[in-house]
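Chain order of the listed sequences is A and B.
Using full-length UniProt numbering, you'd call the opening residue of the first sequence number 1 and step up by one each time.
Using full-length UniProt numbering, you'd call the opening residue of the second sequence number 1 and step up by one each time.
A hint or two may mislead.
Which copy is meant is left open, so a pair is good if it fits within one copy or across any two.
Keeping only pairs whose Cα atoms sit at most 20 angstroms apart, straight-line, the calculated EDC-like set for lysine to aspartate or glutamate is [claimed, not checked]:
1. K2 - E19
2. K40 - E69
3. K2 - D15
4. K2 - D48
5. K2 - E34
6. K10 - E34
7. K40 - D11
8. K10 - E69
9. K40 - E19
10. K10 - E45
11. K10 - E54
12. K40 - D15
13. K40 - D6
14. K2 - E54
15. K10 - D48
16. K40 - E76
Everything labelled a hint here was simulated from the structure, so no lab data went into it.
2 protein chains.
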Amino acid sequence: MKVRVDVMLKDGVLDPQGEAVRHALGALGFAGVEGVRQGKVIELELADGTPESEVGRMCEQLLANTVIESYRIVME
Amino acid sequence: MKVRVDVMLKDGVLDPQGEAVRHALGALGFAGVEGVRQGKVIELELADGTPESEVGRMCEQLLANTVIESYRIVME
Numbered sequence: 001m002k003v004r005v006d007v008m009l010k011d012g013v014l015d016p017q018g019e020a021v022r023h024a025l026g027a028l029g030f031a032g033v034e035g036v037r038q039g040k041v042i043e044l045e046l047a048d049g050t051p052e053s054e055v056g057r058m059c060e061q062l063l064a065n066t067v068i069e070s071y072r073i074v075m076e
Numbered sequence: 001m002k003v004r005v006d007v008m009l010k011d012g013v014l015d016p017q018g019e020a021v022r023h024a025l026g027a028l029g030f031a032g033v034e035g036v037r038q039g040k041v042i043e044l045e046l047a048d049g050t051p052e053s054e055v056g057r058m059c060e061q062l063l064a065n066t067v068i069e070s071y072r073i074v075m076e
């Protein structure tokens with residue numbers, strides 16, 4: 001089974017990577033880009049029947065730094 | 001309007017970051033992790049009415065390296 005995990009910096013945490021992308025898009029002539037946040041997406045191929053709670057533990061222990069990052073689990 | 005862009009390494013392109021995560025999950029005792037691919041997620045706050053084709057141009061010109069990466073646009 002496939003599981004996707006999105007890891008994003010929490011609101012209020014400075015995102016220099018996203019800011020750099022925003023500036024670069026403006027420099028390339030794209031207008032109307034009001035904000036950019038960049039995060040990670042992790043696609044896991046897991047044994048069938050793996051519960052979402054186990055994926056949650058993976059996030060808490062390794063995939064996300066929960067001090068500054070939030071995560072979202074999508075069972076596909 | 002919010003637009004999400006997922007940028008993943010194409011199949012066949014070696015993903016050392018994903019491999020490192022797979023090994024680390026195994027070392028932490030998570031069984032049944034058969035594969036991990038890691039990519040980027042970019043959340044854009046754009047002017048209302050921005051067409052998907054414009055986001056596609058952003059991906060081609062800046063957000064993705066289309067030689068080794070594929071992208072998916074999700075208009076939210």
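Open item on the list: Regarding K40 and E69, is the shortest C-alpha distance of 20 angstroms or less found within a copy, between copies, in both, or in neither?
Closed with: both (10 angstroms within a copy, 14 angstroms between copies)
Task: 20 angstroms Cα threshold - placement of E54 relative to K2 - done: Close inside one copy (14 angstroms), not across copies (30 angstroms); limit 20 angstroms.
Task: Alpha-carbon proximity between K40 and D6, which holds within one copy, between copies, both or neither at 20 angstroms - done: So K40 and D6 pass the 20 angstroms test inside a copy (6 angstroms) and across (9 angstroms) alike.
- [ ] Give the relationship of K10 and E54 under a CA distance limit of 20 angstroms: within one copy only, between copies only, both, or neither.
- [x] Answer is neither: 22 angstroms inside a copy and 27 angstroms across each miss the 20 angstroms cutoff.
- [ ] State whether the alpha carbon distance between K10 and E45 is at most 20 angstroms within one copy, between copies, both, or neither.
- [x] between (26 angstroms within a copy, 16 angstroms between copies)
Task: K10 and D48: within-copy, between-copy, both or neither at 20 angstroms Cα - done: neither (31 angstroms within a copy, 24 angstroms between copies)
Open item on the list: For K40 and E76, with the copy left unspecified, which applies at a CA distance of at most 20 angstroms: within, between, both, or neither?
Closed with: Result: close both inside a copy and across copies, 17 angstroms intra and 18 angstroms inter.
Task: 20 angstroms Cα threshold - placement of D15 relative to K2 - done: Between copies only: 17 angstroms across chains, 28 angstroms inside a chain, cut-off 20 angstroms.
Open item on the list: Within a copy, between copies, both or neither: which one fits K2 and E34 at a CA-CA cutoff of 20 angstroms?
Closed with: Classified as between: cross-chain Cα gap 10 angstroms, same-chain 33 angstroms, threshold 20 angstroms.
Open item on the list: Cα distance capped at 20 angstroms. Does K2 pair with E19 within a copy, between copies, both, or neither?
Closed with: between (31 angstroms within a copy, 16 angstroms between copies)
- [ ] Indicate which option fits the pair K40, D11 if close means a Cα-Cα distance not exceeding 20 angstroms: within, between, both or neither.
- [x] Classified as both; 15 angstroms inside a copy, 18 angstroms across copies.
Open item on the list: If the cut is 20 angstroms between Cα atoms, do K10 and E34 qualify within a copy, between copies, both or neither?
Closed with: within (18 angstroms within a copy, 29 angstroms between copies)
When held up to the earlier numbered hints, the structure conflicts with 11 and 15 and fits the remainder.
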